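Please take these sequences and the hints and turn them into a complete structure.
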Amino acid sequence: MTIQSRRRAQRLRLLGVTTMLAGIAAPNLALAQEPEQAPPEEQGLGEIIVTATRSAQSIQKVPISMQALGAETLAERQVKGLSDFATLLPSVSFEGIGPGRNTAFFRGIVPAGGAYASVGYYLDDIPITGTEVPDIHAYDLERIEALAGPQGTLYGAGSLAGTIRLITNKPKLGTFEFGYDVEANKYGKGDFGGQIESYINIPQGDTLALRVMGYYRREGGYIDNTPNNGRLNNGAPAVYTLGDNNPDTFFNLDNSDIAKDDYNNIKEFGGRIQVLWEPVDGWQITPQFTGQRQISNGYFGYDPRVGDLEVHDYDKTRNDDRWFQAALSIHGHIGDFELVSATGYFKRRTKTLNDYTYYTVTYDGFGAGYESYLQFFDNCTGSGAAQQCSLIDPTQYYHADWHRNKFTQELRLTTPKDWPFDLTIGGFYQRQKNESNTYYAIRGLDTITGYTQTGGGDVAGGLIGVPAMFAIDYDQDGIPDTADDSVPYFTDTVINPNGNPLGTMLYGTPAVKQDGFYVVEQNQLYHDKAIFAEGHYNITPTLKITGGLRYFWTDYAVKGFAGVAASAANTVTSYYVPTGTMGCPTPLPNERLQCLNTNFRAADQTGRYKEKGETHKVALDWQITSDKMVYANYSTGFRPGGFNRPLRIRGFGPVDVAPFQSETLTNYELGMKTTWGGIFRLNAAVYLEKWDNIQYGVVVSGAQGAGMTGNAGKAEVKGVEYDADLKLGKFTISSSGAFNDGKLKGNFCNFALDKPTSSISQLPTCTLGEDVPESSPPTPQVAAANGTRLPRQPKFKGTTSVRFDTMLGDLNGYVQGAALYQTGATQDLNVDNNALLGNTKGFVSFDFSGGIKRDRWSLTLFIQNAFDKRGQLTKNTFCSIDFCSGSSRTFTIRPQFFGMRFGQKF
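Using the numbering used here, the first residue of the sequence shown is number 23, and each one after it goes up by one.
Hint data in this document are derived by calculation from the structure and do not stem from the laboratory. Note that this is a predicted model, so its numbers are computed, not measured. Among the hints, erroneous ones may be present.
Unchecked claim - With a cut-off of at most 20 Å between alpha-carbon atoms, the simulated SDA-like pairs for lysine to any residue come out as follows:
{"hint": "1", "residue 1": "Lys289", "residue 2": "Arg340"}
{"hint": "2", "residue 1": "Lys194", "residue 2": "Ile222"}
{"hint": "3", "residue 1": "Lys338", "residue 2": "Trp424"}
{"hint": "4", "residue 1": "Lys194", "residue 2": "Arg239"}
{"hint": "5", "residue 1": "Lys632", "residue 2": "Tyr451"}
{"hint": "6", "residue 1": "Lys194", "residue 2": "Thr308"}
{"hint": "7", "residue 1": "Lys650", "residue 2": "Trp575"}
{"hint": "8", "residue 1": "Lys634", "residue 2": "Ile701"}
{"hint": "9", "residue 1": "Lys289", "residue 2": "Arg239"}
{"hint": "10", "residue 1": "Lys282", "residue 2": "Ile222"}
{"hint": "11", "residue 1": "Lys777", "residue 2": "Cys788"}
{"hint": "12", "residue 1": "Lys863", "residue 2": "Gly846"}
{"hint": "13", "residue 1": "Lys634", "residue 2": "Ala579"}
Unchecked claim - Simulated DEER-style distance windows between Cβ atoms:
{"hint": "14", "residue 1": "Thr403", "residue 2": "Lys338", "range": "24 to 32 Å"}
{"hint": "15", "residue 1": "Thr828", "residue 2": "Val297", "range": "51 to 59 Å"}
{"hint": "16", "residue 1": "Gln536", "residue 2": "Tyr451", "range": "47 to 55 Å"}
{"hint": "17", "residue 1": "Gly449", "residue 2": "Thr828", "range": "48 to 56 Å"}
{"hint": "18", "residue 1": "Met604", "residue 2": "Thr403", "range": "48 to 56 Å"}
Note that CB positions come from ideal geometry on N, CA and C, so glycine has one too.
If you want it as structure tokens, here you go:
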């Protein structure tokens, strides 16, 4: 074959792979982008090509439940990132507090603990799996694929419940392409925004091509941070009592200096560079680099107690998310065998600021005895016993600096096409290192002069902000050291001979490190290895069996520190690296990992976990006719376990906590994929998913708020998914939806101290309504009750669109209306916590758009959520629900959003 004819054949194959249904904007359709199209009434339903099974084939031939959103759909439905396309996928839900801080779920499989995500997240063939994944900008994409159900055989540990793949447009040989799109938009009552996007494809001879994409986006805000005017969100006076009953100690909360309308804006920019090189016939080498930086300000949820789309924030909230992915794909042939190598390196850094005021408000509400958490002093006058210092603002804020690095390598080898069966075998390796530097902090805490000792606010005659000579203790009715201590008094223990006999201030700071009151500083290292195989065999010309198997090995190590100053000072659990002794002086030095308390049982203070296992699948599909198929699919998935650090139980001492094991998901699915007369497509699936060994996070009684993860029990999800498209002349009607009924199977018994073994273990039996004996504070025996609905997933979620295509002279035109609808959802497995937080409500919202296109330009007008409904998606709190439910935030779909988009392609 000559080079020229080979290029022509390759272009024809490429056209076959990328040609999608033109003129349809349904969420489950991928569309072609051809400059010239047949009149709308002459078009039927086109073929959708996907690579979900690691080979290109029609979505109608893939025996799993999946959906694909094509490039035109993504543009016409104003998809910018994860939260937008997740709205269009009925089986997908998500939780989070803003861009770059969201996590997706499938079919109600929402993790309740553990470190790994339950959904695989891929950019082309390279995983970016994890919780709070980056908000990858959706431009110059060929499609987005959503694979529901366990995908463990081909996609591994992070795909317990499903996989999302963002497939980019690749460089094209022999073809010059250039395009750009500009958009201006506005939130109905909010701010203006806009974006500019562009791509170019440059061929270099017959064997080389370059493709570059770049964009800049600014999205206006729609949440108002309103002045608090002296009141908290519940109407109470915005005044801290500062952990005592003394009327002379207080601090007024005022956010007027940072109050701002439309404060949750986004600025982001990024791009992608790809090169396609064909050194010899049958080999393609594609290096690719993608980078993005996104700065989002403010919370993207609102507080209904304050007002519609309003909050009271007292400190800055900001997420600066920057990442890049370098990838190298090699696709070639060794004889008649097909070889694919996919190598990736992903690096991400997120610097986060969060307002954490309502956590401080919660502590302030605990009453007397919390002075040392709330009364801090600086700006002093005088010296010695006459020194007088002033209170500073004790409000906590959160700042974090995360570094994530991931290297992945996968090799796949596929048997020749003329064999009686096809088989893909492969190997996978992944190494991921995370560095966390997380601070629950108070501004200026590292430079304060001192703080009030516990009881100092209410001790008789005590002087606030004056250095103390004597220690303070508690007694009852003037009798020291009784069992019922409630009244503070000055002891005769001298703590500062130069202090004032009535002083209550201790010199120094309770900061652990820098301004952190509570600090988490850790290094986490993950290794994942796997070998896998998946094959297909035609039993008859129309009956095919598919089988897959994956063996995996995973290990995890964590080293670092988590806790307050008292945790660092503990001479049993904390190791000070500079001196090699137990117990760490605070504040800690600026160098990382100088105090370690992850695992005092190990000589190197490192917590470790490793595991091996397998996952598998079997599918049988019957191609009744060329456009009608039924299938049965059995598949399993897994999510690795992990390490639990030893805990310190108040009044008992250090205890061991066993590692938690991997959880598994087994999927039984029956489905059909049918096309009728080229104008009607109906795909549907019914399934039963069994979730076993569920990883469940709990706070152990007596552990000073420290938590752990255990394997708690089982759950089941019964569901139905469908997508349908009907083409009637110039009209296209599309609909997709999912019904998921997920419930726990059996009670989740809580975890508690087992004194004989000095360990934390799960209760062997538990009774609903009863507390764990001797637990303080009281802990219910049942962490989550039998039959409890799985949280965050609406029972039904769907979308329907109606589109009308026509010719306006020599212009192609269309108008479209779409409805998004879903029922309400619970928000937490714990029934009591869910009652405090409250369910989200069901909603229906409507989007409308219209546009014209001629030759190489297009103009689109759109309005989303036209009637400005508050479609509730999730609710979140600043701290544990039982403490902070009164300050929860509600996260919704976009409020009314409209704009205009213009683009050209050459």
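Hints and how they fare:
1. Lys289 x Arg340: holds (11 Å)
2. Lys194 x Ile222: holds (10 Å)
3. Lys338 x Trp424: holds (18 Å)
4. Lys194 x Arg239: violated (27 Å)
5. Lys632 x Tyr451: holds (15 Å)
6. Lys194 x Thr308: Since the Cα atoms of Lys194 and Thr308 sit roughly 11 Å apart, the hinted pair holds (cutoff 20 Å).
7. Lys650 x Trp575: Violated, at roughly 39 Å.
8. Lys634 x Ile701: violated (48 Å)
9. Lys289 x Arg239: holds (6 Å)
10. Lys282 x Ile222: violated (40 Å)
11. Lys777 x Cys788: holds (18 Å)
12. Lys863 x Gly846: Given pair Lys863, Gly846 holds - Cα atoms ~4 Å apart, limit 20 Å.
13. Lys634 x Ala579: holds (15 Å)
14. Thr403 x Lys338: 24 to 32 Å: Since the Cβ atoms of Thr403 and Lys338 sit about 31 Å apart, the hinted range of 24 to 32 Å holds.
15. Thr828 x Val297: 51 to 59 Å: Violated, at about 41 Å.
16. Gln536 x Tyr451: 47 to 55 Å: Between Gln536 and Tyr451, where Cβ atoms are some 37 Å apart, the hint is violated.
17. Gly449 x Thr828: 48 to 56 Å: At roughly 53 Å between Cβ atoms, Thr828 and Gly449 fall inside 48 to 56 Å, so the hint holds.
18. Met604 x Thr403: 48 to 56 Å: violated (40 Å)
In summary, the numbered hints that this structure violates are 4, 7, 8, 10, 15, 16, 18.
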